[in-house]
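Engineer: One-letter residues, chain by chain:
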Amino acid sequence: MKEDTSVVNILDKITKEEDPASEIKMKLGKLLEQLDLHLLNHSLRHISLEIRLNPTIVKNDIELLKHFSGKGEQTVLESIDYTSDYEFSNGCRAPPWRQIHGEICYVLVKPHDVETLCITCSAEGVFLNGGKTNDEGEINYERKSEIYKDLVTFLKEKSAKFSENMSKQDVRFSEEWKKEKEEPKEAPKKEEAAAPRKALPASSKSMLEKNQINFGKSQMTKRLEPSLNWKATIDFKETMLNLGLAGNPDPGPAAVLGKEGKETGSSHPGRHKSLLRDIQEEKRGGRLERSGPPVSPGRAQLIHKSAEKIEEMISESSSESEEDEEPPDHRQEANADLPSEYWQIQKLVKYLKGGNQTATVIALCSMKDFNLAQETCQLAIRDVGGLEVLINLLDTDEVKCKIGSLKILKEISHNPQIRRNIVDLGGLPILVNILDSPHKSLKCLAAETIANVAKFRRARRAVRRHGGITKLVALLDCAQNSGEPAQSSLYDARDVEVARCGALALWSCSKSYANKEAIRRAGGILLLAGLLKTSHENMLIPVVGTLQECASEENYRAAIKAERIIENLVKNLNSENEQLQEHCAMAIYQCAEDKETRDLVRLHGGLKPLASLLNNTDNKERLAAVTGAIWKCSISKENVTKFREYKAIETLVGLLTDQPEEVLVNVVGALGECCQEYENRVLVRKCGGIQPLVNLLVGINQTLLVNVTKAVGACAVEPESMMIIDRLDGVRLLWSLLKNPHPDVKASAAWALCPCIQNAKDAGEMVRSFVGGLELVVNLLKSDNKEVLASVCAAITNIAKDQENLAVITDHGVVPLLSKLANTNNDKLRRHLAEAISRCCMWGRNRVTFGEYKAVAPLVRYLKSNDANVHRATAQALYQLSEDADNCITMHENGAVKLLLDMVGSPDQDLQEAAAGCISNIRRLALATEKARYT
Amino acid sequence: MSYFLITRASSTIGTRSCLVNYFLLDWCTRGLSLSCIYLYFYFAVKKSEVECLLRVFHSLVEKANVRLNNFGLDRNAFRAILHSIFGMTDDMLMNRVFFAFDKDNDNCINAKEWVKGLSVFLRGTFEEKLKFCFEVYYLNGDGYISREEIFDMLKNSLHQQTSEEETDEGIKELVDITLKKMDYDNDGKISFADFEKAVKEERLLLEVFGPRLPEAKVQCQ
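If you read the protein sequences in the order shown, they are chains S and X. Per the working numbering, residue 584 is the first one in the first sequence, and the count goes up by one each step. Per the working numbering, residue 106 is the first one in the second sequence, and the count goes up by one each step.
The hints are simulated quantities; they were obtained by calculation from the structure and are not laboratory data. Keep in mind that this is a model prediction, so the values were computed, not measured. You can take every hint at face value.
Per label pair, the in silico range of CB-to-CB distance:
1) X:E271 <-> S:L1109: 54 to 62 Å
2) S:P922 <-> X:D273: 25 to 33 Å
3) X:K277 <-> S:L615: 46 to 54 Å
4) X:R308 <-> S:P1243: 39 to 47 Å
Glycine residues also receive a C-beta, built at the ideal position from the N, C-alpha and C atoms.
Start from the sequences and build out the full structure, keeping to the hints where you can.
Structural biologist: Structure (structure tokens):
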């Protein structure tokens, strides 16, 4: 700066002089200035070649390498560590007297194939130093090698293994990524995905960064896995709340976690991933702005394919998956062979930029003639800067230009990358504003474009933040306000179209929890309910789709019930359109958790169409939705009777084989509910349903396993069915499921075992035949899941009916474990625990032992519970325990007698008897004591 | 019979009469036999609206032709109206609109032409507008829009170009693009059939060579 001004000063001076020679001087001055500039540029070019490191870059490099270090052949290094833990505020770790030499830090690196290297990272580069001189950590600072430009280059030079593994990592991750793209359904379970989670500043240019990004990608695509299991469960929101993510639901993992999410720690991966995604997203945003990179044709095709797939599965609650696309930077490659369309589009964009309204309209119209569904064209528009212009046009007052631009945006926004770019370019606020336009076709187009763009979370959030939800809901209103009822066509075609587009956009938006809330608050439910009464199929699909999406919320389910929406849903089940049927069934599935809703479905005659839709098995999505609806509906007994009438149970049994998991889960769930009734159990057995059910016990899908165990358990109530189950080795399979890591499966399996043990012939022998089985059951008493505990207690009650088995489980320490559980408030657990205790009292010194482990006092308190079942079980347990004198004293001390006296008056005979028996034992003891005292 | 037809058209009472009233500069009462004019316009314009249009016409004629004893609007007066009322700016376009209005080619728009033209302008059906626009776009009366005519119409549509040569080049390419899009029979010019087909496919192309009709903003209200 100083030099600049001095030059100016000189020039000023020169020009001020009126000397005739001043002109020459000025020229000379200018020449000198040019020379000066030239020299500066020249030296700058030289200086810029010398790369200087700074603490941040070094730190990032080391952090990154740390992630890829560790034991094993796959890692790049064995270890990498700083010599000093203390970090100065400037980011250096070298002592101050070395910092003045430009040194940043010292690192100890242990590669796989060479000795530990002690390395100095300085501003000039990376080099080997003299190593540690002694144990106190003094370092010989002398340089012992050449200077390399960065750590990775240095290590590549020093360790062959390092460079080999580095390149392997690179290939492996990108391969993995591609593979998953192609078969997202079978996303491999790789453990290493958990490793790197630090977002790097984009400044680091090392190849490792590329590696890291690939890695991030592979990890993110892996999130496809849960979401592909489709259809969020009802528990979705609750789980979301648990995760503390109410605002940004990530239905992917949550959909599968389901109930577990609440009760175990397994919700944490969900939270973590979504946080991670935020970071990644932030980063990606930055990248996009830097360069709008095109994609190599092959890869682009791949992405496109998966995008289409996602488009097809629009019904799933999470279309977040495509969010994970990160447009790879392949500009040079793409330049190699650009299609002719690219140049043509470039020319058109030129007219868009430089033309007046007339030229713009012409250019827009001819751009529309390109095959905009094709990836090349979509990306070409973006790469020549067309997207900016198109979005800019939306901000003008020219209606025609807006329409033309929207027509194009609507088409190209089918591409996930373009969606992202539109959001990055701030297109959504503008689109949302257009929704206010009085021009109907503009509204339609804008809403349709929003529907396409709002397929990922950030976009949905943007729509909400800019007030889009309210405006979209207002669009739904169009159809109802216009036109007096006197007119024959109640809804003008254009108004219907506006409402349809609004519903379409809401459907996309309704995949976020906060948006559902916003729709509700904007009064969307009532309007949707109104639109549901129309007969326009095009309209019904997005409307039902939105409702179905929203029905995951309790508020919505209540409103759906109140607004008589079920009636219309049922009506539309009879429609011809498969997609509509599917969404209706899906909505019923979501809502039918509620008993009144189930009754409503029956009252409006919805069960028959559901049953008849079962016969069409070609459309798997629809089949899954229909079976889901049947499952939930069959929780009501009356509905089950209807289903039996419609011969749905036979059909369901037929669906037990050769169906995708989503269908199986629902079919088995429905059968589990149906088999609660005797007739249906017989029916299932007669149709040969037991064999396929038992076969399903070896699956891995936990929702399916929960349902299967429940169904098998329900069948086992029938001794005849039990014989078949036993013959098929079903009990052993059930028993093995006790080892399943998911508590729901464990609990469900244990419940199913109860009727099996009850009804099996020679049950005791059968139970003993499972090696280690009894020990396994007893150890499950250490679980911290109440449901598991209750179910295991019930199983123990049944097992203990056999004296020999009782002896074995006593040896395994069942008594102390049961006693430990006694302090609980859960009535279900109390009941089964009390039953188990009363059973276990039958062996040896167990009564005494229960007393010793202080199980008696808490049991007495159970009598204060409100549950009659708990009373009965407890009274029986106390009766058994009262055979021991010490226990009687404890009971008396805890005021059992008064409570038991009340129980004697109970209408329940078993309870009466047990209570009376217990009192008589206590009394007898008292009498004996008195007698002993006086004699 | 004519009454019946008029009432049919009148179901579309809209804001248009307000627009007309807006231009009703002063109250002009001239004895006119309206009956002959009704016959032409009963489909598009309501009776009272025709009356209004005529009043406007006469007031305009009065203003414009103080000097000339001419019963009608000449080109300059008409252009002034197009400019002030309909916001058209392009000279050439205004000329073309004038010629399209002026059916009998007497360089003057009489009452009949005025009402007929405005009925299309304000309340025309899609087909009427289509025809009107096409008429505006072809000038030499051969029924085709030729490449040269397109060039003429588009020559001011680009800005930001550095040299005139470049601009010309750009316009030529734009003409090529347009022809490629609209010339379905590939004869190098646009016939009415071409035009109709293209516009039906894409409504935006109705005013492809420059705005001819009142603003869409007004239309959609």
